Amino acid sequence: MAGLTLYDKLWRNHLVEQREDGSALIYIDRHLIHEVTSPQAFEGLRLAGRKPWRLDANLAVPDHNVPTSREERAGGIAGIRDQVSRLQVQTLDDNCRDFDIVEIPINDVRQGIVHVVGPEQGATLPGMTIVCGDSHTSTHGALGALAHGIGTSEVEHVLATQCLIQQKMKNLLVRVDGALPAGVTAKDVALAIIGRIGTAGGTGYAIEFAGEVIRGLSMEGRMTLCNMSIEAGARMGMIAVDQTTLDYVKGRTYSPSGALWDAAQAAWADLHSDADAVFDKVVTLRGEDIVPQVTWGNSPEMVLPVDGHVPDPQGMDNATQRSAAQRAIEYMGLTPGMAITDIHLDRVFIGSCTNSRIEDLRAAAAVVRGRQVASSIKQALVVPGSGQVKAQAEAEGLHEIFLAAGMEWREPGCSMCLAMNADKLGAGEHCASTSNRNFEGRQGIGGRTHLVSPAMAAAAAIAGHFVDVRTLQESTQ
Amino acid sequence: MKSFTVLEGLVAPMDRANVDTDMIIPKQFLKSIKRSGFGPNLFDEMRYLDEGQPGEDCSNRPLNPDFPLNQPRYHGATVLLARENFGCGSSREHAPWALEDYGFRCIIAPSFADIFYNNCFKNGILPVVLPAATVEQLFTALYAQAGYRLEIDLAAQEVRTPAGEVLGFEVDVARKQCLLKGLDDIGVTLESAAHIHKFENRWREQSPWLFNVIGKGQG
Chain A
1 MAGLTLYDKL WRNHLVEQRE DGSALIYIDR HLIHEVTSPQ AFEGLRLAGR
51 KPWRLDANLA VPDHNVPTSR EERAGGIAGI RDQVSRLQVQ TLDDNCRDFD
101 IVEIPINDVR QGIVHVVGPE QGATLPGMTI VCGDSHTSTH GALGALAHGI
151 GTSEVEHVLA TQCLIQQKMK NLLVRVDGAL PAGVTAKDVA LAIIGRIGTA
201 GGTGYAIEFA GEVIRGLSME GRMTLCNMSI EAGARMGMIA VDQTTLDYVK
251 GRTYSPSGAL WDAAQAAWAD LHSDADAVFD KVVTLRGEDI VPQVTWGNSP
301 EMVLPVDGHV PDPQGMDNAT QRSAAQRAIE YMGLTPGMAI TDIHLDRVFI
351 GSCTNSRIED LRAAAAVVRG RQVASSIKQA LVVPGSGQVK AQAEAEGLHE
401 IFLAAGMEWR EPGCSMCLAM NADKLGAGEH CASTSNRNFE GRQGIGGRTH
451 LVSPAMAAAA AIAGHFVDVR TLQESTQ
Chain B
478 MKSFTVLEGL VAPMDRANVD TDMIIPKQFL KSIKRSGFGP NLFDEMRYLD
528 EGQPGEDCSN RPLNPDFPLN QPRYHGATVL LARENFGCGS SREHAPWALE
578 DYGFRCIIAP SFADIFYNNC FKNGILPVVL PAATVEQLFT ALYAQAGYRL
628 EIDLAAQEVR TPAGEVLGFE VDVARKQCLL KGLDDIGVTL ESAAHIHKFE
678 NRWREQSPWL FNVIGKGQG
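Which chain is which? The protein sequence lines are A and B, in order.
So in our numbering, spot 8 of the first sequence is number 8, and the numbers just go up one at a time.
Remember, our numbering sits 477 above the position in the second sequence when you count from 1.
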């Protein structure tokens, strides 16, 4: 019999019941909750007179709606000016109190984007099943966990039963061999993979990322990569546990310690695919081939190397692709054949569950240090992923580098990634963004999003247009 | 949940690939803490010429005349014909809530995003996958004939066209049964409560570090 993949093992470990109809009941170890996708689930519990199955499996934190300006943030929930946002954050607070669920509240130093907070607190551990009413829950797979987004009905289902009804996915191995050139990051790897397999390439699959390049990534980089699995169509992406994982997990608030750590570490040693495991599909890339990436259109698969040119839809064979490209070019205000480096920016956003961790901020600060944001840039926002990331960055003086360059240093939250708070793009504005979706209107109605790495966003802020960050990095050295 | 057995209904087109959840229901409407009332804001940015706000009365907003759902021939549609990778992006269940609230009970496309596909079944909507070439033919037929209708039979796993064609489709047994009967998933799962307890006890013994964590007063 063939060996098991990492996904097979995680599935097997959590299988409560295999049903004859092909579905399975899967046990959920950790349920993360935020304010947008949970109110209707709590309401459902109330209407049915149900209680949460296991309180200590849940951890809540508001992130999507929270304001990021220090001034608006100072007033806590009551200070949120948008009354609809305020009600949603208040509702999470009320529900957590009523159901006795632990919440990290809005102005707690640990508050932040749920996918940054979970791993940071040690609430995300290797070998867990982790779900949250948010598609970027795939982030947590970076720790060797089975993690994916769910809808609100399933949020209610997990609260009530600690389980989910699931169908097993197929296995997709994405292997990135070799080594990355200097200046190329996990974000560029993620975008290059999506460019290769498309936004539906992972549909129906659980992705495992492997290969020398992946092994060489920090935990922050791995989280960036797994975060974007959903943009490749896969609900979950994961990476085997190794020394990098263990070093990251050890000593965190909710991580095991002492004898429990030793036992956990022994169990986690199995969290990798067996050498003879069989994958349904394998995709390989070479690290050396990957250069800094920039998206030009309204789907993450519409991505090019920074030295590329906007494609000409007329040259496309597939009618659906042609019309999608045509529409994207119009929406984005581009012309076929124009150089990516000729795209001028209005705003820059460094943040989101994809790229708001300390390493991301360090990479951006390294580019910005001693330079000024171009005068044509209306706003360059830096939004740390959590209060702890913010404190760490301030201890390192990164905020002073950003502020000196003319950037704004904000309070933690999802912010301009999806513009549910006050941070958004105006119609027609181009934004270099370290977030994960470049959909029409995602960052504000009529807004034009280009997805890039933190270093590339920082470089774009300095130049006022896209530029290969490596040219700036060379001149610094 | 509403059950789904046989639907005979008017078809409307959503003729573009990769229709994402931000298009289906823009983020400003996600601030609602209710489950209903999203229908007037379905496809908001394409459907109206102005910027929609949550809680706003949509009846006086300027409509985009080019958007199919604003054209009289598609009024009252219950079947949406769509393209590849429909529902990609976010896990927000507001997307199927908006489609259902508007009146759609069935979406036909060559492919769907995984989370959206699953969310449909939780809300009484049947997503039907048909080959791209078949979907192309349906688009042609739909554009050619005002009042174009289809019959979707879940038990038989068939889509029937006015021309008498019968198009079979796949759907997994568990989801099919739940939808046919309009079952409450949670109620069904709780019938296995003893199994869950048994698993949980064993798992707690085997992996105590997964349990000895989140609690009040920690951190």
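Treat the hints as calculated values from the structure; they're not laboratory data.
Only a predicted model underlies this, so the values are computations on that prediction, with no experimental measurement involved.
Please note that the accuracy of each hint is not assured.
Below, a list of computed lysine-lysine pairs in the DSBU-like style, where the Cα atoms sit at most 35 angstroms apart [to be verified]: (1) B:Lys-675 to A:Lys-51; (2) B:Lys-479 to A:Lys-170; (3) B:Lys-511 to A:Lys-281; (4) A:Lys-51 to A:Lys-281; (5) B:Lys-653 to A:Lys-250; (6) B:Lys-479 to A:Lys-250; (7) A:Lys-378 to B:Lys-658; (8) A:Lys-250 to B:Lys-658; (9) B:Lys-479 to A:Lys-378; (10) A:Lys-9 to B:Lys-511.
Status of each hint after checking the structure:
Under the criterion of a C-alpha separation no larger than 35 angstroms, the hint pairing Lys-675 (chain B) with Lys-51 (chain A) is consistent with the structure, at around 19 angstroms. A distance of roughly 30 angstroms separates the Cα atoms of Lys-479 (chain B) and Lys-170 (chain A); the hinted pair therefore holds under the 35 angstroms criterion. Pair hint Lys-511 (chain B) plus Lys-281 (chain A) does not hold up; C-alpha atoms about 41 angstroms apart against a cutoff of 35 angstroms. Straight-line distance between C-alpha atoms of Lys-51 (chain A) and Lys-281 (chain A) comes to about 41 angstroms, which puts the hinted pair past the 35 angstroms bound.
Between the alpha carbons of Lys-653 (chain B) and Lys-250 (chain A) the distance comes to roughly 45 angstroms, so the proposed pair goes past 35 angstroms and is violated. Pair hint Lys-479 (chain B) plus Lys-250 (chain A) does not hold up; C-alpha atoms about 48 angstroms apart against a cutoff of 35 angstroms. For the suggested pair Lys-378 (chain A) and Lys-658 (chain B), the alpha carbons sit about 55 angstroms apart, so the restraint of at most 35 angstroms is broken. Restraint check for Lys-250 (chain A) and Lys-658 (chain B): the C-alpha separation of about 48 angstroms exceeds 35 angstroms, so the hint is violated.
Our distance criterion of 35 angstroms between C-alpha atoms is broken by Lys-479 (chain B) and Lys-378 (chain A), whose separation comes to about 49 angstroms. Using a Cα cut-off of 35 angstroms, the hinted pair Lys-9 (chain A) and Lys-511 (chain B) is violated, with the two alpha carbons roughly 38 angstroms apart.
Checked against the numbered hints above, the structure violates hints 3, 4, 5, 6, 7, 8, 9 and 10; every other hint is satisfied.
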